[in-house]
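One-letter residues, chain by chain:
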Amino acid sequence: MTGREGPDGRTLVKSLGELPQSIEPPRDLWPTIEARLGGIEAPAPAATAAQSIGRRRSARLRWLAAAAMIASVAVGVWIGRSLLPLPGAVPGARSPASAANDTSAVTGAPTALDAAYVADPRYERQRAELLRSLQTRLAALPPASRAKVMASLETIQRAKEDLERALGRDPGNALLQELLVNTYQDEMRVLTDVREASDPGEGI
Amino acid sequence: MRSALWLSLSLPALCASAVVYASSDKVFDRTVAAQPRGVVDISNVSGKIDVKGWDRPEVSVHAELEDDVERVDVASEGSHTTIKVVLPSHSHGGEARLHVQIPKDSELNVSAVSADVTASGVLGAQHLSAVSGEVTAELMGGDAEAKTVSGDIKLKGHGQAVRLRVSTVSGDVHVDHGAGDFEASTVSGALVVSLDSARAVRAHSTSGDLRFEGKLTRGATFEASSVSGDLNVRASTEGGYEYEASSFSGDISDCFDVKSERTGKYMPGSRLQGTRGEGAGHVRLKTMSGDIQLCDRS
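Chains as they are written, first to last, in this note's numbering: chain A, 429 to 632; chain B, 14 to 311.
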């Protein structure tokens, strides 16, 4: 060591390089450390209180995390149910989110989503009525024609499901919305044709 | 013993006579006066309806009727002539084969269930419908509408511009040498259309394929869409057209050496757009999963 001595008699160093690589303790410290470690099993009352506060904070955080997770799941479900079309969903049923976010009343122009899901009570009524009488109407058709109509209705159903599934992946896709609306129109046309075809004395 | 012999001889004779009786159709003939530009309505459940236009101001009906057919009503009042095959109540059988001649300028309305319908030489508007029967008609210059549930539709024109509307549920549609405005819809039937000069074309299918070939007039519009059917369009026009083909998951190809481009980075979807010639007309093709082919050469 080449340093000077300080006011308390300690040696002052100018750089870290002047410090020794290691300093051996003047005595064996382990027995004291071991004794203190053994004493932890019975913590002091002050330590217990601190840990209790920590546990309460930790539990509160867990509850908050769980609540946040549930909330985010709920929001996800709400978005899924209200914004995205579900397989088998009736297009005439306007989504609550769409109604809640309705700007068309203000702007006068329907949104893309509204264009695909226009609520029309007449459509709903007519469709429900046509579906109610479908079995009877089909029974009145020639057997070969009946089979083909049923196959076509299944085709329409599959097309609707495919489109709704694709719209679930890409809800804002105007092409899919347009094709879905066309497919619902096709369904109405077939149901109407079947009704008219099965009316005695009436042509389609 | 003698009675057994009598029975064995008489039974085959009885059966033979029954077969002859069953196959013998009734014949019905009637002619009524009609206005040259009147309206003729014809309806039949099963069998056939064959209509021809002629130069006389008369409606002539010749019918072969099975026994299950009750009668044929022919009524003419003012400009309206009605021909109706009547079946007994609660009967769904009974074929009637109708051969009808009408003034060629008449408007024709035909309604059939499982009867096939054919019409030729009629210059007036035609409204032809059948449930499972096939509709075949000649387009002579009057507007035409053909509609079936499961029956096929075959229309043949001579290049005169008309308004033509066809729709089927599962039947196929074939149109040859049509012209003018064309509108078609089907669920699962195929649309095979050849137009000599089209002003406006609108076609839609759910799963049926569309194959179009022909010429468009200058400034014509062509719109076709399908959910899962393929669209194959070969449309040429002097003024050219702007085109836009979009598909969610189908392939798009053309004969212009233009490549379709993706509509989004992360979602499926492709679009092909551009202009041919002056871009006077408009062609729009859309599918969800069907393939699209577009060409401006026949």
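Source of the hints: derived by calculation from the structure; they are not laboratory data. Keep in mind it's a predicted model, so treat the numbers as computed, not measured. We put the beta carbon where it would ideally sit given N, CA and C, even for glycine. It is possible that part of the hints are untrue.
From chain B, some residues computed to sit far from chain A (all C-beta separations above 10 angstroms) [claimed, not checked]: (1) 80; (2) 131; (3) 149.
Taking CB as the label site, the calculated pair distances span [claimed, not checked]: (4) B:279 to A:609: 18 to 28 angstroms; (5) A:557 to B:40: 35 to 45 angstroms; (6) A:609 to B:39: 28 to 38 angstroms; (7) A:609 to B:77: 20 to 30 angstroms; (8) A:609 to B:67: 30 to 40 angstroms; (9) B:231 to A:560: 42 to 52 angstroms; (10) A:567 to B:112: 45 to 55 angstroms; (11) B:232 to A:550: 31 to 41 angstroms.
Hints, verified against the model:
| no. | hint | in the structure |
| --- | --- | --- |
| 1 | 80 | 20 angstroms, holds |
| 2 | 131 | 16 angstroms, holds |
| 3 | 149 | 17 angstroms, holds |
| 4 | B:279 to A:609: 18 to 28 angstroms | 25 angstroms, holds |
| 5 | A:557 to B:40: 35 to 45 angstroms | 44 angstroms, holds |
| 6 | A:609 to B:39: 28 to 38 angstroms | 51 angstroms, violated |
| 7 | A:609 to B:77: 20 to 30 angstroms | 47 angstroms, violated |
| 8 | A:609 to B:67: 30 to 40 angstroms | 46 angstroms, violated |
| 9 | B:231 to A:560: 42 to 52 angstroms | 50 angstroms, holds |
| 10 | A:567 to B:112: 45 to 55 angstroms | 32 angstroms, violated |
| 11 | B:232 to A:550: 31 to 41 angstroms | 36 angstroms, holds |
Hint compliance for this structure: hints 6, 7, 8, 10 are broken, all remaining hints hold.
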